[in-house]
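These protein sequences, in sequence, are chains A and B.
As numbered in the working numbering, residues 1 to 348 make up the first sequence, in order.
As numbered in the working numbering, residues 1001 to 1158 make up the second sequence, in order.
Hints are supplied without guarantee of correctness; some may be wrong.
To be verified - Here are some, though not all, of the chain A residues that point toward chain B, as calculated from beta-carbon distances under 8 Å:
#1 Ile31
#2 Asp34
#3 Ile56
#4 Val128
#5 Leu131
#6 Glu175
#7 Gly206
What the hints assert, rightly or not - Which chain B residues stay away from chain A? Per the calculated CB distances, all over 10 Å, these:
#8 Arg1009
#9 Ala1109
#10 Ile1151
#11 Arg1154
Hints in this document: simulated from the structure, not taken from any laboratory.
Don't be surprised by glycine CBs; every beta carbon is placed ideally from N, CA and C.
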Amino acid sequence: MVAFRSTDTSGRTTGLLLRCVLYCLLALALIIVDKHYDHLGRIRRLLSIVAYPVQIAVASPFEGWDWFRESVTTRDALRADKAKLEAELRLAQFRLQRYEALEAESLRLRALRNNTAGITDRFLIGDVMDLDLDAFRERVLVDKGARDGVFVGQAVLDSGGVFGQVARVGQLTAEVILVSDATHAIPVQINRNGLRTIAVGTGDMGRLKLPYLPTSADVISGDLLVTSGLGGGFPAGYPVGTVAEVKRDPAQSLADVDVKPAAALDRSRELMFVWLRPQASSPVPAASATSGASVAPSGHAAAPAPAQPPSQSAAAIPPKTPPPAKNLPPAKTPPPAKTPPPAGANDE
Amino acid sequence: MMRDTRIRRLPMALSALVALALAVLPVPSVLEALRPDFLVLVVFYWSIESPRAGGLTLAFTAGLALDVIHGVVLGQHALALTLMAAWATHLRLRLRVFSILSQCLTIFALLTGYQFVLFWVDGATGNPVTTFGRWLAPVVGALLWPVLAGILGRLHER
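Sequences and hints are given; from them, build the entire structure.
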């Protein structure tokens, strides 16, 4: 054995170097092509099918354990659960009573303004697979993919609110980037007064930030943030989070606002993929696609921008607190707070 | 000789698959940053022990599998793993006569190099992960090396 190996060595030193260089060039080529072009999408989808059995094999024991625990719960626990769910259902139904009427009214009003952007059309439920994708990025893998019509940039909700959006699609699985990922940004609106801004992830599942609000902005802790629907990626009016803390430092021009996400980012097992209703006719998104692109990078927030009224691209933040009525954007102005499918989703 | 390689390939493929599964096994988030790169250690082991059976092809394939399963840019782990496996193969005759401590230190250097290539590609493709946590994995990996080499050695001898 040993003799075999030592003769083996001398003969193969050059071979090793050559093969190393070849493989490295191949890997570099893959990186460049995958980063800059779209050709590898199909290959990646096929590869994700190959990876699927491994992912299933890893996830299934945990799912089996969950199933086992569920099936051995006592009758009392089930009863308590049922009572709780029924109470929740009653509450939800109370809230729903006026929903239909309100939705119809909203549709009518929007139709008057020729703006039906951001209205949801249909849902698809997906299960989160029990896997750790990456310790340093906030992503989850869901068991729905291109086969089910899921597409990149699609909005994903859970029962509490906005969860994230689809970053990558495989044939059978999709990778969802959470709203709390450090590269994710989402256009939001304060429900109380209609103030528009952008909520940026922090890399911490329990916290988002509003980095673009001036210290004078009308925001208090407890404010509910909902999606504004601007930019067309997310449906309008879904809860994103509640303001947890507002720190105003008079020396800074921007306030430091912490938001607690509405979705149970670390616990949700079932997610909803959302399809938006195709728009009737509106030149808005095309115009906004370019104007908002410069807002997203989070590095922008760190530089304390002087307090001049943000003019064009940074117009996400109204300089003072404008009256609510003014805030609802007329259909024709390009929405300033357009968030591109977040930087992270594009850049890989 | 054909038979010989084939026999050696089975434990290799098996251990690589198990290590790949361990790479995405859900753990409490406190431990997540400490998770060693199991597949990388396994590839190092086979590069040192029997480079003829798999060597760089194993490294490249395993790297691609990691890319797909972690959902990062294709070729990132493949590049890092190929480079470091080639280095490990180059060092293998020395590594075999090293003491356990020196072996661990060498593996630590290889793992750090691996992380460094990943770090560099992350930065070059515009998703820098700058948390300090990512440099913990090489430490844990190096500490784990004697155990893993022992287990794989048993598997190998059978």
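Verification of the hints:
The criterion of a C-beta within 8 Å of any C-beta in chain B is met by Ile31 of chain A, whose closest approach is roughly 4 Å, and the hint holds. Interface restraint check for Asp34 of chain A: the shortest CB-CB distance to chain B comes to about 4 Å, inside 8 Å, so the restraint holds. Look at Ile56 of chain A: its Cβ only gets to about 10 Å from chain B, farther than 8 Å, so that hint breaks. Nearest Cβ of chain B to the Cβ of Val128 of chain A: about 11 Å, over the 8 Å cut. The hint is violated.
The interface hint given for Leu131 of chain A holds, since its Cβ lies 5 Å from the closest Cβ of chain B, which is under the 8 Å cut-off. For Glu175 of chain A, the shortest C-beta to C-beta distance to chain B is roughly 5 Å, which falls under 8 Å, so the interface hint holds. With its C-beta approaching chain B no nearer than about 11 Å, Gly206 of chain A sits outside the 8 Å limit, and its interface hint is violated. For Arg1009 of chain B, the non-interface assignment is confirmed: its Cβ lies about 16 Å from the closest Cβ of chain A, beyond the 10 Å cut-off.
At roughly 17 Å, the least C-beta separation between Ala1109 of chain B and chain A is larger than 10 Å, which holds for a residue marked as non-interface. At roughly 19 Å, the least C-beta separation between Ile1151 of chain B and chain A is larger than 10 Å, which holds for a residue marked as non-interface. Once the 10 Å rule is applied to beta carbons, Arg1154 of chain B is consistent with being away from chain A; the minimum gap is 17 Å.
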